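In order, the protein sequences belong to chains A and B. Under the working numbering, the first sequence has 119 at position 119, and the numbering climbs by one with no breaks. Heads up, the working numbering is the position in the second sequence plus 195, with the first residue counted as 1.
These are computed hints drawn from the structure, not numbers from a lab. Keep in mind it's a predicted model, so treat the numbers as computed, not measured.
The calculated lysine to aspartate or glutamate pairs, modelled on EDC-like cross-linking and capped at a C-alpha distance of 16 Å, are: (1) Lys2(A) x Glu131(A); (2) Lys397(B) x Glu213(B); (3) Lys399(B) x Glu213(B); (4) Lys164(A) x Glu401(B); (5) Lys2(A) x Glu191(A); (6) Lys164(A) x Glu393(B).
Going by beta-carbon spacing under 7 Å, a handful of chain B positions derived as facing chain A: (7) Cys224; (8) Ala228; (9) Ile271; (10) Val298; (11) Pro301; (12) Pro375; (13) Phe381; (14) Met385; (15) Ala386; (16) Lys399.
Distance windows between CB atoms, simulated: (17) Pro366(B) x Ile95(A): 49 to 59 Å; (18) Cys160(A) x Lys212(B): 24 to 34 Å; (19) Thr341(B) x Lys2(A): 37 to 47 Å; (20) Gly185(A) x Lys200(B): 47 to 57 Å.
Beta carbons are placed, not taken as given, at the ideal position from N, Cα and C, and that holds for glycine.
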Amino acid sequence: MKVYLAILLTAILTNNYILSKFLGICPFLGVSKKLNTAVGMSLAVIFVMVLSSAVTYPLNTFLDNHNLGYLQTIVFILVIAALVQLVEIVLRKYIPALYNSLGIYLPLITTNCAVLGVTILNIDSGYTFAESMVNSFGSGVGFLVAMVMFAGVRSRMESCDIPKFLQGLPITLVAASLVSLSFLGFTGLVENMFA
Amino acid sequence: MADKKSLRHEFTKGILKENPVLRLVLGTCPTLATTTSLESAIGMGISAAIVLVCSNIVISALRKVIPQKVRIPCYIVVIAGFVTIVQMLVQAFLPALDEQLGVYLPLIVVNCIILGRAEAFAGKNPVLASAMDGLGMGVGFTAALTIMGGVRELLGSGTLLGFQILPESIPPMTIFILAPGGFFVFGLLMACANRLAERKGKPKAELGCAGCPMAKQCTAAQKEVCDKPNGEGDKQ
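The shape of chain B in the complex, shown without the other chains (with noise of 0.2 Å):
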């Protein structure tokens, strides 16, 4: 099973053909939280792929130790001590980067990408390929949140990592890195997204029930009152 070949699919699928914010729409409360710049948007993306990483190795390794039932539970005591571990290294080393994430950086708990790749992959598989598989999400997070915070920082605030990219002459229009500007990127590059997957014959990425970590557990999708996966019955 190991062979390099499905390794490197598990790495592979998690930056553009299963990319976590784009096509799974998963984790979207940090994308539109901390890409305000370029530079807290790499910071979060790579503390969540950090976190990511250790958490999927493991909970692969314990997978045949954690009991069916509480298995959420257990994930979650996972994740939050990675968490905490990242928490207290960027509090030591980047406390710049600490200021900016606030209360976001402890929220990478409750991030769906982490706890959906627990319950879809980690659980299931040997360790190399969850390693694998989260270290492919991590960059297709990171990568998705790059574009996001690039985008909203040099329309924004007319720089790129500070240093000033546009002219002086055009004026920066702050509405960018305000929360309006936020949704309104993410909008746009999610047509985007949407167009480039259409093209390959894929269908759109849409907001349900199938990518939430919750779901097995949550009589709500049992019922169908969330939103149709596919978005069925609210066109035409």
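Isolated chain A, as found in the complex (with noise of 0.2 Å):
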């Protein structure tokens, strides 16, 4: 149970996949002015995180145990495309409701590159199906989280005078430096607590 809580915590906070692993700046910059739109957006990001690790994961075991490891990355970016594009079709003709609220992101999901950085680094860092779910589910949230508090920064910034040679996303970025700033504040937490 301690090793899942860890590389739980480890994902949303000491490498979060925004701020520190850089995954995923697309949606970061270009979906957070509103709330609501990013939660959206990170909601249905967490959920082809996690589908998409339990579909990858199995194949490539089957992959591997047929040495055919090189087609990884063709294999892994088809089987989420086909996955993606499958989920809201579905989404669509069945549940309109939460199509509307999350399936409009998902087009834009296929070319996220969290979700095909988190099912490779799943295999890279050479977790166990389990581990891999909690890895992916963390990432999702933590994903939430900065792109939460971002959309909050924005907010604020808003309402600031802001030097005319810095507006528009010079400006966003010097704020996504400091909120990533304040992430390094975690590096270490996760070893001292479960040392």
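Two chains, two separate frames, one set of hints: put the complex together.
Next up, the structure:
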């Protein structure tokens, strides 16, 4: 149990996907202006991350058993793309309410590097199936935390008097730098907690 | 169409006028993640450029064969194939670079520059022009990464390509090779690029749905829940 908690906290705080691994920067900068879109996007990301890890993990074992490890990248991206399409179609047909709040972000997630990143990192870190599920969920939650925090920072920034040369994207990136700096404070936290 | 002048235009536009990183704001993840040293930045730039040129050529050659409805999955397969080739070459001949780039090497597949160029250019234009477009975009990407990597390595470890540049008496500012330094240097670089663009009367670079390769599929973009392309409405 301790192992799972350690993986979960590491994924959310110390190894945050956005703020320390730089995966999924496009939605982080692009969809974080309003809180509700940020939350919708992040929930969709959590869902797709867990689902695609659950599917790609057994597939990787299959590839390894047949000495096809070099096909990993191609197979993973295709499976993720197909899965996302499928989920979108099913949601649109059967649960329109959920589709309107989460489903509209799904096409964007196909090309989100955080999703492919988490599936590959699960394998690279040598996690078991249960551990990789926990890691995927934790990474998704870390994504949500970073998005929500950053949406708050951006809404405060709107009422600020920003120097002209920094207006727009530059000040957003500098603000992201400060948010990421605050997450550096968590370094070593998990190791010490479970030492 | 394929006269020398227009080919040269396809090549040069990617370097300055439509620089993928600084003007179109695409491929931000590798730009931030792999620029902790000049060496890995250049390695990433060149790997992505090779994939970009090869996939542009193949996609452009197949543009009349690929059905319109399933073009995105087809593009992804072509791109993933070339990424695997580059990945195996790097693992075989440059194992040190492979270790530095780590997971970001296979993640070239989801680099929006490559899918973006396939969708915006290679799917509609002849082979030679697409190759030049890919080459220009690749050089522009490598150039932006080189600047980022140079600044971050110089300030963060006082070296360039491993050679000591700053005198030992100046302690290196380690923060620049950590995550916050990446965002910070990118922000300032973007401010400089915006300033230069403004002087020439061009609009500022903004993140928006315009550059995103998935924009046509994306209902979110159609409903405009993403930020507006020109950032209107949040200023004043």
